[in-house]
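The two chains are supplied separately, each in an independent frame; assemble them into the complex guided by the hints.
Protein chains in written order, with the working numbering: chain P, 1 to 226; chain G, 227 to 535.
Some hints here could point you the wrong way.
No farther apart than 25 Å at their CA atoms in a straight line, the calculated lysine-lysine pairs in the DSS-like style are these [said to hold, decoys possible]: (1) P:89 <-> G:530; (2) G:534 <-> P:89; (3) P:113 <-> G:236; (4) G:313 <-> G:303; (5) G:236 <-> P:116; (6) P:70 <-> G:454; (7) G:236 <-> P:94; (8) G:361 <-> G:303.
I should point out that these hints are in silico values taken from the structure, not numbers from a laboratory.
For clarity, every value in this text was computed on a predicted model and none was experimentally measured.
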Amino acid sequence: MIKLDNVSKFYKPDVWAVNKVSLDIDPGEFVSIVGQSGTGKSTLAKLLFAEERPTEGTIEIGGWDITDIKQHEVPYLRRQIGFIFQDFKLLPKKNIYENISFAMQTSGIDDDKIKKVLPQILKIVGLQHKAERYPNQLSGGEQQRAAIARSLVHQPKLLIADEPTGNLDSINSREIIDLLLRINHLNTTVILVTHNRDIVNSLNRRVVTMEGGRIISDQKRGRYIL
Amino acid sequence: MFVNFRRVFKFAAQDFGRNIWLSIVNITILVLALLTINFLIIFNLLTNNAIHVIKEKVDVSIYFKQNITQEQIDDLKQKISSSQYIKSVDYVSAEESLENFKQKHAQDENLLSAIEELKKDNSNVFSASLKIKAKDISMYENILNELKESQYVDLFEIDENQFQDYTLMTQRLINISDKIRFFAYILSGVFMLIAFMMVFNTIKIAIYTHRDEIGIMKLVGATENFIKAPFILNILFYNIVALIVIIGIVYLGGAFLQPIVDKLFEGYTINLVSYFNSNFIVIFFGQLLLSCVFSIISSLISIKRYLKF
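The shape of chain G in the complex, shown without the other chains (with noise of 0.2 Å):
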């Protein structure tokens, strides 16, 4: 049994030193497969995040009557932070909103006078708001009929638009982002069909260049499993190999995109070399479980019809 095991490890190390070109194009393919997996999960996570940072992007601001106090400003919004919908909610005071309105319309001077004509009548045009993110984009016609319900009502204005706007907007972000999913699914699939038919007819290719050399080794005594056996050790060596390759390609690539992606989600970048860190044994283990497994049934097909005795 020993001896059989070793022979096998043997006649394997053989075959793939002493066809390397084919040992070569094999584990090529593998990587080009394994690469389209790869691309994938890049796209996948990246078409997430992009979703993910417009969702977060989207807040929405009631304004406070001007006669309101500290006090209830303070109590409306512990108030509705409880609420089961809203993620979170920051007050900006009026002054703040002035100086936010001038920052974002510096270049516009006439804008900017009329601002300070304002000023000089000691009146802000801005009044402090609540700046206010749900937990999901979804919910926010949910706290548009919290606060059209709730005791502080007269309190703040509500811009009824915006929240319909939102509404609206979310309904085709939710849209957005499912055909996003979908199309990255359909995608995913194709190329996956794509790379398991790569390595299905390579493998069949290779098994073929090997059908005299099995018919022989039949003719001499053989047994099914001593023939199989060599060609099954150097298909998983063909995978190891091409996983080492993809590692390297993967972090390299990773971190030659990540000012592209940093540029793409500014502030709301995503890591690359991170994420593949954290999830290393998910995703290397399981495409190569996953190409062992496929490639080995493959070969398996290929070499039964060589086989028959």
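Just chain P, same shape as in the assembly (with noise of 0.2 Å):
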């Protein structure tokens, strides 16, 4: 499914964020990426999602090598990955019906693939009587919910979590844990980039512990080592 060779990304002057990285990721393997801050556990999420390019090494995603990645490929490969942040990235002039159809409408899908769709999504995420409201009307839970949908929208193989529990208080943390562990079990990837020892040592799955840019360990059902 991932396939990261020798990947690492310089920053100026001096900063090697990610280094020598290896990483392979099967398809349906919940994977916590894990670290304190400032060790290279989002400039590796960045770098899944093309928002970053690699200064060394390969990166592949479902047979698709996306080191030199054209910009104008790069919306194409975002349309099949799933992204969710700690900040939850909602468009706040838009409704929650509108921040999901839009996701859906920049691939071009009809009006009427959307309003059938839309609402099973809106019910996985157990927001089916809050379309209407904006981002601002909706808690931190709620508002990590709609974008867990939107992530959701084009059936995606992988979803990449960046700190989604960050701004959430322990039991909406649970619940958006537990919405990723059955979106897990339909099958799609998860990658979780999290510094919460607790919900990591709750899921025993496998986890990558990073230090100063490098996976320093990497178990198959682990713990929060640092």
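Structure (structure tokens):
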């Protein structure tokens, strides 16, 4: 599914945010990438959805070599990957229905299909009664669920969650993680970037630990070791 | 293709309505910029009219000697009317000259009584004359030369000082009108530059306020054109609304200014509303085209930095 081979990312003047990272992730895996702030976790996630290009090494996703992906190809890559972020990244001037449908409209999906699929997705994340609300009218947990709904519209084979519980309380955090697990059960590969020890330890899934831009540990059923 | 086009329209309309204050600010700035351009159009129009009026008011007279017959006068009038430098020739009889003089000096009783004294002797101090108007103010010297060289030179008296004064005045007037035009061009250039800078910076700020949204749109897989198109469409819409507002302002302003312009250019006035009516397409569609092209270029430049994937 994902193959990183000796990937490095250098930032001027002298920072190797990611340093010679090699990683293989199989389809359907749930992988937590953990580490303290500034260890290169988010940079690694950014490399996966082509927000950054690697300085060295190669990146392959689903057989597609995205190492030197062209500008015009990036939107097509992103339609095949779901993302969620700590700050939700919802469009503030669009309501939840519009936020989610926007992601479908970008790829030219017709209105009939949107009307059919979208209520189902809203139901999965439990927001079917709040579709007309704007992001600022929802709680953090609800906003994150809306972001997850948006990430699911293209039925991605890969979902990247970069600190999705960073702005949430423990109850909402648990709900979001449960939602990610349910998505994973539907055979979607999930990469969870986090430094939340309790969540990682409760998952009992693969844990990749980073420090100083390098992978220092990769456990099949791991725990937060730092 | 059609679905995307419809969506772009929908997004543009939503963005316009949901960012109504930003839309109003953008339209206001465009109105101010267009107002500057229209102010310059009116300024140039009035300046040109002022120069035209001054030129129109200039004429010279040649005075006939006392013993000239009407036949000779008509002959001369016809002859000099055919000159390539002359626009019109009007005959003024001695009596008319006297009447004109009396009217002009109606308040000066001493002068009028002196004229009456002279009339008692059955003599008119004024002689018949031809009032000559040149096609262009710079042609009076040529007219003088033509008159001096003509076969009729003995029939009239030329006040050469009058022609020389006009030559001098012509030079001055041409200098002044050139300076006024130059000043108007500089002023137009400066004002246009200010207007363009205002529009450019407003669009830049408008796009800057959308930078997070642009980032999110990129993240969810929107292509560059899908992101840009609603912005461009909105900017076109801002320009159209601004133009409608400016047409209203120009016509209301024109009607309001007309009495002042009439007073300023007595007898040589220019109708502002008629001017805008007869040049409507060139003035307003020209402005629309100019402002659309400029604001689209501004928005493409401003949005570019946020569109890098």
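* Asked: Of the hints given before, which are not true for this structure?
  -> The structure conflicts with no hint, since it agrees with every one listed earlier.
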